[in-house]
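Asker: Given the coordinates of chain A, assemble chain B onto it according to the supplied hints.
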Amino acid sequence: MRIMRTIKQINDKIKKGEVVALTAEEVIELVAKKGAKKAAEEVDVVTTGTFGPMCSSGAYFNIGHSKPKIKLGGGTCTLNDVLVYAGFAAVDIYLGATAVPDDDPRNKVYPGEFKYGGGHVINEIVAGKDIRLVATTYGTDCYPRRKLETLVNIRDLNEAVLFNMRNCYQNYNVAVNLSDKSIHTYMGTLKPNLGNANYCSAGQLSPLLKDPYYRTIGIGTKIFLGGGIGYVAWQGTQHNPVAPRGENGIPKSPAGTIAVIGDLKQMKPEWLVGTSMLGYGVSLIVGMGVPIPVLDEQAIKFAAISDEEIYAQIVDYSSSYPQGISGSLGEVNYAQLKSGKIAVQGKQVATGNLSSYSKAREISEELKSWIKKGDFLLSEPVAPLPGAESGYAFKPLKERPII
Amino acid sequence: MTSQKIVLHFPRRMVDQPIVYKLVKDFDLKFNILKAHVTPQEEGLMVLELSGKKENFNRGIEYLKSCGVKIQPLSQDVTRNDIKCTDCGVCVPICPTEALVVDPKTRKVHFYNDKCIACELCVKICPTRAMEVHF
Chain A
1 MRIMRTIKQI NDKIKKGEVV ALTAEEVIEL VAKKGAKKAA EEVDVVTTGT FGPMCSSGAY
61 FNIGHSKPKI KLGGGTCTLN DVLVYAGFAA VDIYLGATAV PDDDPRNKVY PGEFKYGGGH
121 VINEIVAGKD IRLVATTYGT DCYPRRKLET LVNIRDLNEA VLFNMRNCYQ NYNVAVNLSD
181 KSIHTYMGTL KPNLGNANYC SAGQLSPLLK DPYYRTIGIG TKIFLGGGIG YVAWQGTQHN
241 PVAPRGENGI PKSPAGTIAV IGDLKQMKPE WLVGTSMLGY GVSLIVGMGV PIPVLDEQAI
301 KFAAISDEEI YAQIVDYSSS YPQGISGSLG EVNYAQLKSG KIAVQGKQVA TGNLSSYSKA
361 REISEELKSW IKKGDFLLSE PVAPLPGAES GYAFKPLKER PII
Chain B
1 MTSQKIVLHF PRRMVDQPIV YKLVKDFDLK FNILKAHVTP QEEGLMVLEL SGKKENFNRG
61 IEYLKSCGVK IQPLSQDVTR NDIKCTDCGV CVPICPTEAL VVDPKTRKVH FYNDKCIACE
121 LCVKICPTRA MEVHF
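Chains as they are written, first to last, in my numbering: chain A, 1 to 403; chain B, 1 to 135.
Don't read these hints as lab results, they were simulated from the structure.
Please read all numbers here as calculations on a predicted model, not as lab measurements.
Taking CB as the label site, the calculated pair distances span:
1) K108/A - H37/B: 20 to 30 Å
2) G128/A - E132/B: 17 to 27 Å
3) T79/B - N62/A: 37 to 47 Å
4) E132/B - D296/A: 44 to 54 Å
Backbone N, C-alpha and C define an ideal beta-carbon position, used for all residues, glycine too.
Next comes chain A alone, as it looks inside the complex (with noise of 0.2 Å):
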């Protein structure tokens, strides 16, 4: 296919402010009005957005050394009463987002209710509040302190970096309950008998459903990470490229993920919400979107792929998803699924998205704003994700005794 332009010359027009950006969702409208082959030509950039929780995700500080000074590595320190790890060098520590404190009860009390963990610390932390930071430890020669307890703040931190192993996912199922009690999963609460169906994606904006094969988005792609920049660190963990396409390249259950990065002191909070998900814990709900450039009309042909075209797996979580079981009990597209109602086994489901679509649609918005103004040039990646001919796929655990 013809390439039509370069990424460096797409920057070019980004600097002299002429660049055509449009959002996934106005591209699939300009397509469908004057063909690939046009739009093509007219537009050099897509932007794309999802805004739902995303658990793999966490942030690391270095807290700077106190006086003095302290080995937290090897020791125990919690941030507002939640564990971090601290098994690096001495003052370098890491927050994951579904982390709960000591004293939360968990699923003792059935369904817990998971008020507060690592997801909320992490936006607070980035809405520059005081954190409390509790740290036990042994004494060594060159770090003798065996205590600490104090305040911290961002602005303070030496560093305070986003780092999530897993997020975006191409594509995600449908979760529904065939069982005859509620249940409480990472995907909601599912009423019994089919009570309802949650998904969760943004459907024709998800980043990486508008670029299926991952013909631009590598390591090193510049993203809209919480409110700020970041970029593609790697393949998220779960990268499983080969999961089984349609017609058109999209990929009907989860496929690719994406590992990413960015300084959590240019982010905002409204994009990094801490999640409480009844019965099942703590979370971070995440904001992400990433350019798509236009090299040639391949790339507007994909990104031009609506919620009609894009086809999802409907799963049981009362049995099927908790026993590792695979199996779908049908598909529908996610047209289908913002309709608010889909046909399971015969009978109409009421449809719940978890992710949100107007805040998908507010993030493709305002990169699209930030590439205009020129403050946002595009990155080319370093090296290609592994793709769906790479034979790279997601395995389960292999259970071996320990003799």
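Answerer: Just chain B now, kept in the frame of chain A:
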């Protein structure tokens, strides 16, 4: 005809009085109990949809007040914290009365509190806990 959803707070001494019976018998009012939390020796709370002739309705309300029952219109009691709400829509299929609805165009979630029966199902399932109850 008047029909209103109201919240009644009973003082402790009233909990063993047949108040709803009086509303029916003496004032010819129809009632639909949406929620009730009445424990002996404690304050009672009842959410009612009360309907009947305007005159009877007003007399019924006067009667309740004269007994020392505190009355609040229901719509003040369940509110949405718009700063916390992310408009995801996971509450929509949980709501039994379609008081929470997604706008098909803007994809924002609207809360119609006149339809709300204060069942509170949305409160704990909201990922950002944006639905708040004030009784």
